[in-house]
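Student: Sequence:
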Amino acid sequence: MPASLPAGATRGKPDPTITDLLATAGRPLFSFELFPPRDEEQERQLWLTVRRLEALAPDFVSITYGANGSTRGRTIRATQQVAENTTLRTMGHLTCAGQSRDELRRAVGAYADVGVRHVLAIRGDMPGGPTEPWVRHPEGLANATELVELVTSLGDFCVGVAAFPDVHPQARDADLDARILVEKARAGAGFAITQLFFTAQRYFELVDRVRSLGCDIPIIPGIQPVTQLRQIRRFAELSGADLPPAVVARLQGAGDEPGAVSRVGVEIAAELSEELLAGGAPGLHLYTLNRSRATREIYARLHPGSRRP
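The numbering used here numbers the first residue of the sequence shown as 88 and each following residue consecutively.
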């Protein structure tokens with residue numbers, strides 16, 4: 088693979104990895120998640136969001152990869168473009184669902200070609216969603232642990248993985264989730280990012296379970312601000328997240344006006360974020376859905392005095 092410089096790096100001085108930052112920053116990290124555009128309008132929206140978020144100088148951004156590999160080409164192109172045309176530390180996603188080892192190697196090589204050295208390695212889901220029985224590709228991998236091993240075998244990559252505060256929707260076993268996360272860390276993962284959740288205690292319980300197994304992998308909470316109640320119900324169903332009645336009641340109390348729902352959603356996400364950071368979470372990963380307003384408002388609330396672009 089060509090040895091390219093990571094985005095933001097200078098020759099002779101390697102760019103710190105996310106794992107490096109988690110170990111040395113002395114403050115919580117802030118990052119944002121984007122998804123690859125399907126058409127010209129979505130591409131325009133993506134770049135509008137990227138430029139607004141870039142002004143906040145986040146520690147990194149990540150770009151999603153369809154759970155069953157369905158957006159592979161678009162994800163790689165978008166990741167390459169952000170890495171090449173911004174100052175942002177960029178992480179590409181990778182799933183092993185529906186893909187052979189050779190296809191996965193090519194995807195990793197495409198990231199490396201433009202200096203992207205961060206990969207979020209996820210098993211992914213079958214086309215029917217997370218409750219659909221997993222079927223291994225005949226020439227592929229069995230799980231995310233094997234994917235971590237594959238990525239780390241191909242070069243000097245910093246690898247992240249997924250974690251589940253509200254338990255994985257297939258196994259529904261919190262202890263198993265913790266053991267699997269430990270296995271992924273032992274395979275070479277440097278950090279984890281959680282699926283969306285709404286109860287801080289679930290996150291802290293996950294951290295405690297993992298620490299009790301002797302593993303100190305940093306676990307970054309993933310935060311999804313609610314802007315539409317119907318949409319978040321769907322996300323919660325797909326991810327296995329518990330949507331607490333108190334959260335639903337607050338959102339429903341906002342009425343039918345979209346702006347009011349969004350404001351309440353931002354308040355809920357900011358309150359959750361504050362509780363997580365106060366409890367020692369090493370950072371926050373904000374799911375933007377390629378719309379930056381809600382996530383910028385959360386960032387501004389957590390950083391009083393910051394200028395919101």
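One should not assume that every hint holds.
Simulated restraints, written as ranges between beta carbons of each label pair [what the hints assert, rightly or not]: (1) A112 / A142: 29 to 37 Å; (2) E344 / N172: 14 to 22 Å; (3) T218 / A336: 24 to 32 Å; (4) G216 / Q339: 32 to 40 Å; (5) A229 / A142: 21 to 29 Å; (6) P220 / A142: 39 to 47 Å; (7) E292 / V222: 44 to 52 Å; (8) A229 / R164: 44 to 52 Å; (9) A142 / G340: 47 to 55 Å.
In case anyone wonders, no lab produced these hints; they're calculated from the structure. Beta carbons: idealized from backbone N, C-alpha and C, even for Gly.
Student: Each hint: holds or not?
Tutor: Checked hints:
1. Between A112 and A142 the CB atoms are about 20 Å apart, so this pair departs from the stated range of 29 to 37 Å.
2. Separated by about 37 Å at the C-beta atoms, E344 and N172 break the suggested range of 14 to 22 Å.
3. At roughly 27 Å, the beta carbons of T218 and A336 sit within the given window of 24 to 32 Å.
4. The beta-carbon spacing between G216 and Q339, approximately 25 Å, falls outside the hinted interval of 32 to 40 Å.
5. Checking the proposed 21 to 29 Å range against A229 and A142 shows it is violated: the Cβ atoms sit about 42 Å from each other.
6. At roughly 44 Å, the beta carbons of P220 and A142 sit within the given window of 39 to 47 Å.
7. At about 31 Å, the CB distance of E292 to V222 disagrees with the hint of 44 to 52 Å.
8. Distance hint check: the CB atoms of A229 and R164 are about 28 Å apart, inconsistent with the given range 44 to 52 Å.
9. Separated by about 33 Å at the C-beta atoms, A142 and G340 break the suggested range of 47 to 55 Å.
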